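Enquirer: Given next are the chains, with one letter for each unit.
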Amino acid sequence: MDFALNEQQEMMQTLARDFLTGEYTDKVLRAMAGDEKGYTPELWKKLAEMNLLGLSIPEDYGGIGDFLDLIVVLEEMGRACFISPFFSTVVLGASSIIETGSDEQKQKFLPGISEGKTIITLALAEELAKYTPDAIQTKATQQGGDFVISGVKLFVTDAHVSDYLICAAMTGEAENPRERISLFIVDINTPGVSCKSLKTISGDKQAEVTFDNVKVSGDNVLGEIDKGWPYAQKILQKANVARCAEMVGLAQQALNITRDYAKERIAFGHPIGAFQSVQHRCADMLIDIDGSRFATYQAAWRINKGLPAAREVAIAKAWVSQACRRVMNSAHQVHGAIGFTEDHILHYYTKKARASEFSFGGVDYHLEQLSTHS
Amino acid sequence: MDFALNEQQEMMQTLARDFLTGEYTDKVLRAMAGDEKGYTPELWKKLAEMNLLGLSIPEDYGGIGDFLDLIVVLEEMGRACFISPFFSTVVLGASSIIETGSDEQKQKFLPGISEGKTIITLALAEELAKYTPDAIQTKATQQGGDFVISGVKLFVTDAHVSDYLICAAMTGEAENPRERISLFIVDINTPGVSCKSLKTISGDKQAEVTFDNVKVSGDNVLGEIDKGWPYAQKILQKANVARCAEMVGLAQQALNITRDYAKERIAFGHPIGAFQSVQHRCADMLIDIDGSRFATYQAAWRINKGLPAAREVAIAKAWVSQACRRVMNSAHQVHGAIGFTEDHILHYYTKKARASEFSFGGVDYHLEQLSTHS
Amino acid sequence: MDFTFTPEEEAFRKEVAAFLEKEVPQEYREKRLTFFDMSAQHDWIQVHRAMAEKLGAKGWLSRHWPREYGGQDASPFYRLILREELSRYHSPGYDSIGAGIVAPALLLKGSEEQKKQHLPGIASGKVIWCETLSEPGHGSDLASIEVFAREDADCFTINGQKIWTTNGHFADWNALVVRTDREVTPKYRGLTFFLVDMKTPGITVNPVINIAGHHEFNEVFFDDVRVPKENIVGGLNKGFYVVMSLLDYERTSDTAYAVAGTYLEDLAEYARDNNLLNPIMVNRLAQLRADCEVARLLHYRVTWMQSRGTVPNYESAMSKMYGFELLQRVSEFGMELLGQYSQLTGESARVPMYGRIPSCYLRSFGHSLEQGTSEIDRDVIAQRGLGLPRLR
Amino acid sequence: MDFTFTPEEEAFRKEVAAFLEKEVPQEYREKRLTFFDMSAQHDWIQVHRAMAEKLGAKGWLSRHWPREYGGQDASPFYRLILREELSRYHSPGYDSIGAGIVAPALLLKGSEEQKKQHLPGIASGKVIWCETLSEPGHGSDLASIEVFAREDADCFTINGQKIWTTNGHFADWNALVVRTDREVTPKYRGLTFFLVDMKTPGITVNPVINIAGHHEFNEVFFDDVRVPKENIVGGLNKGFYVVMSLLDYERTSDTAYAVAGTYLEDLAEYARDNNLLNPIMVNRLAQLRADCEVARLLHYRVTWMQSRGTVPNYESAMSKMYGFELLQRVSEFGMELLGQYSQLTGESARVPMYGRIPSCYLRSFGHSLEQGTSEIDRDVIAQRGLGLPRLR
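Chains as they are written, first to last, in our numbering: chain A, 1 to 374; chain B, 1 to 374; chain C, 1 to 392; chain D, 1 to 392.
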């Protein structure tokens, strides 16, 4: 049993924290939250230079570190309330290719990702916004060596700046929806692909992507045909734990600024942090954050080790989501009116936390998953 | 809109409070909780003398006051943590006969109840402990002018001291379980009736009652044959609101002793009631009690007026049950270790509150009822 | 005991409903806006003013006032019914500060001249008010108010900055508390309550946008603002007592319980129509419905006390806090119900319910802060309702 | 980072499990008793002592102690594994006071002679301990301890009454804090920590029955009880510091998280077998399972800190409080699951699960009071974990 980061992880943490503290100021955050693209090419280039875009990608394909290193960095990105296509590209896109891709596909896409040349995302959810195989109604029909994809994908993160989409579609007729899904990698410029932006409260860049008879070659299939769902589940596990790591960082930073405010702000002759109601709120925030962090790292560690992690991922996402919600509520309550204004930084954290929570299944969904894995 | 008690209600309140404060001391409560019968004939006689046993019974049958008066007195009985067959006899037994009985049946039973000569209770629930018509599997088979009842009833309150039982049984074959239930009034000494005591944590006297080919005459049918369920529903409404009134009284008294203790007990140089965590707990207790009281009286008032009350009863029972639970938890937390001992009076309140809560359907059951009535 | 309205009150409710059925702009009803998010509508200020004048013309804003000031001596339940119907019909037009707080405070503490001058404007719906207590350095703690009014012949001259002034950007008048004595202890004895015309030279109003993106609050800067002495309410250096009764009214005038109930039923309808009601959601919905009923009763108790001439004490803190915290829970329920769709703003494609879910949710962070925080309400309930001692 | 046990630890767990499989009385396993309700068994004291001696004979009670005191310098995770398995097998035998608190406190603060005298008895499972801090007038507030020990040649003579002494009715030794200086300020500097043989003349033990009907607590009366000076731990008038480290161990030695986990899975099994799992209960069960996992991790973090030689600070208050509050929630879940059947005691006909549901529920009221209340834990977390200031 060891709860400590190792040397490499500590290094990644310091690297990411220093970079983000220096570069991702409140001013930049405000700009990016309102920006249509949500990132600047300069920043992306810097991420690539630090090899952060290669995190969890095997060294053979230009990457560095493992999934746990990525999680450590994502927690830091949460602390900074970092908005960018990093999550889409590195967590969703790269993970998908790492999990499912042939050596050829890995050669083709992974070095580009780690070099910052390729932005890529996952198109999974549809109208029901559910992360189960039966919710996938988009169809890919085989025509000779090609496939023709038709359907509408929703909540596709960063589609508007992506070069490629990984699209889950029905290929087979199997009654069991788990046995009829395949994954495709689709160049966004393929005829028939169109994106419409969905505006969110958090500055998260979401899109509706329509596939209208989009023809892709058989080379674009990721993994085996009809056997995509088990891959998708692994990708979803990583995605959910990654969201947890973001939430841990968001909550930690919310507590930090709340603690500082509670020490400084005077009311009725005392720093408000001396009042028992504020102390008990803050104590509960710390419990929520410590518990969240351990639940997250346990799940991430299992994934990283290749151990079964469905139960631990479900626990982490269900628990961290609620904990983070409680933390944000308390942060606002302690801040009072000042934290209720757009000028204050807190609301970016609150909003991003909700975006992370609902992304890839909410609390009840994950509790249901947990029930089936207990 | 009027939230005040009227003169008669205030009189009943004073009468009951003075009587219980004087007669039902902590010592008596302790004795009765451990006593097998749960009451003394002397006490019962005094209740009859004050005509409290005639509450809500029409004056023509020797009674006094209405259902709201009864509710006011039940709140007082809750405050005193009063254990006795009062609830069974006056709320369950008398109400059943008032709701369903013929004039002849009323003449036969109601004066005896108000004079303290008859103790009577309701045998409704069975093995599932559910308060729905499909849960009633006890059968009454017509044989000429008689009925033969067979089945097992559970959670029959005060059966061990009762003279009569009101028994709900299947008489018809209707597929809709609401259309096949009849109510019978059964002399407990009828051959085939046997009681087995169920021991409870609260000192509530519960029993399992077996009906083994119990023959009763057609005169013992209450109301119309096969049409007993709508009556049962009305009786259940009264029973649930009456339980709410008990819980309001229990919670109010728990708050009173908690408030007094918080003012007196010194820790870290201050009365503990000065600490914000204790104050906020107590504030929440008061909210729970005020809310509970109004929800209870609104439902009782509607029943008393003959207005539809299903929605209000469901709200009251669901809300009061949870509120009372929170109040008891907080009472214990403020009292600390001293309230955790058998010697302290608090646990009688806590235990009786749980008994009232689960009696005639718990929180989720009533929330379900509320859903169907919203 | 009686848990119904009188036939007259019921008739009034019908009359109000029939009126609102016609008069509330279609867009407000279609979007099912609440009191707390309608201010985000581009045309809100105009619609609000127009509706206020219509309600004023009906005499409804002052119906529960004494006859001598234009009222009908009606029970405060008429005001309650009006506000419930406004909530149910998604209607603006009730100046919760002027009609809700300033008018009752003036009726209690104002001079005859002040009543004569200001009550008709409020009753007519033509004069909109704001109130200004807080300052940047201190919110709930009145005693530390620093903005100063210097005596200056027949006037006081005010300098300094206030904040959190709701509706300050279009209100006509301002109910203001400032310091007039810096030496006195305890410090709360150096405060004075003024009525200030917002057109007085030297007042600058800057918007403060809340986290839902709504413009409700403002900073107000006072630069040598001269206010005549006759605009003092309750006497020089006695502003604290005026504020206390003002806060009492503030706590009793809220409509959070009504807004919560309306919003919850909107959500229930949407959930039913869109098959979102699994057994877990049904259970949670029922729980919130029960809570709404209790919130309603807690509020009715306060109004009933007022109807009998009793001054509510801890009861109003309880009703206000429970209602606002409930509104937060209902807002959270909306988020859970909608899941990922709860992220979409009103401008987005695919947005359900016109984007009201996130709008109500974000706005709800303010609810446990309004009119004194929930913490202060609980202090009040414990100390006034149960007589628990203050620390030291 | 590593979230597994070592192969050696896993082997130890298997060894313990195999042993308990054979040794735990069938009745304890059948009734699925927990640490908190097994003391209600009529034969508990004998079974507890017998199991303690067996665990002692295996060397398991002291495996994580230094070799010089009979241990094997093992990681504290061995103690954790032992306690988890004891919980899983519903086994008594772990003296949570002697092995859990007194031994580590002695290892840290005891004299060489005291260690030599007392540790072997604890390690062998033959000597059972109680501890006595509280007095009738004051629970959590150590500084107000009044029971006095008067210096008297080579002894101190103790007079007065203590209360809440768990296991006092059969313990062999008592770890006791009393006042030895009534004049000093701050008052906590006048306390001294003694080790007292419970057979010393003048000690009277009276039972205090808890609301679940269990006899765990006692009042202990001291009537001229003479304790030799060499039984002082940590020095005269320095008892406060010994208590502080003792409390630190108390907070880290709990098994609430393990008991909660075992109990929850018992409930889940019963619910499944009896068709009680509607979707709402499934949802709540899953939530509690997630909570149990977090409780486990919070506890492992503390043990991990100890395994590295770090002294846990706020972390142990957090783990202890979260575990105990969780055990309350699980107990409440049992009540909800069983509904009206939850009312039946172990002696009743028709009782499910041997009456453990109400027994655990009633016992659970004590959980947020044990080893310092949840309020004090939250104070500690806020002040030590976050550096928030004390009031004044």
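One or more of the hints may lead you astray.
[Claimed, not checked] In silico DSS-like cross-links for lysine-lysine, where the CA-CA straight-line distance does not exceed 27 Å:
(1) LYS196(B) x LYS31(D)
(2) LYS196(A) x LYS187(C)
(3) LYS187(C) x LYS263(A)
(4) LYS58(D) x LYS305(A)
(5) LYS106(A) x LYS305(A)
(6) LYS108(A) x LYS139(A)
(7) LYS130(B) x LYS227(B)
(8) LYS305(B) x LYS14(C)
(9) LYS31(C) x LYS199(A)
(10) LYS14(D) x LYS263(B)
(11) LYS109(D) x LYS14(D)
(12) LYS199(B) x LYS31(D)
(13) LYS126(D) x LYS187(D)
No lab work stands behind these hints, which were simulated from the structure alone. Owing to the predicted nature of the structure, the values given are computational and were not obtained by experimental measurement.
Enquirer: Return the numbers of the hints above that this structure violates; sort them in rising order.
Expert: Violated hints: 2, 4, 10, 11 and 13; rest satisfied.
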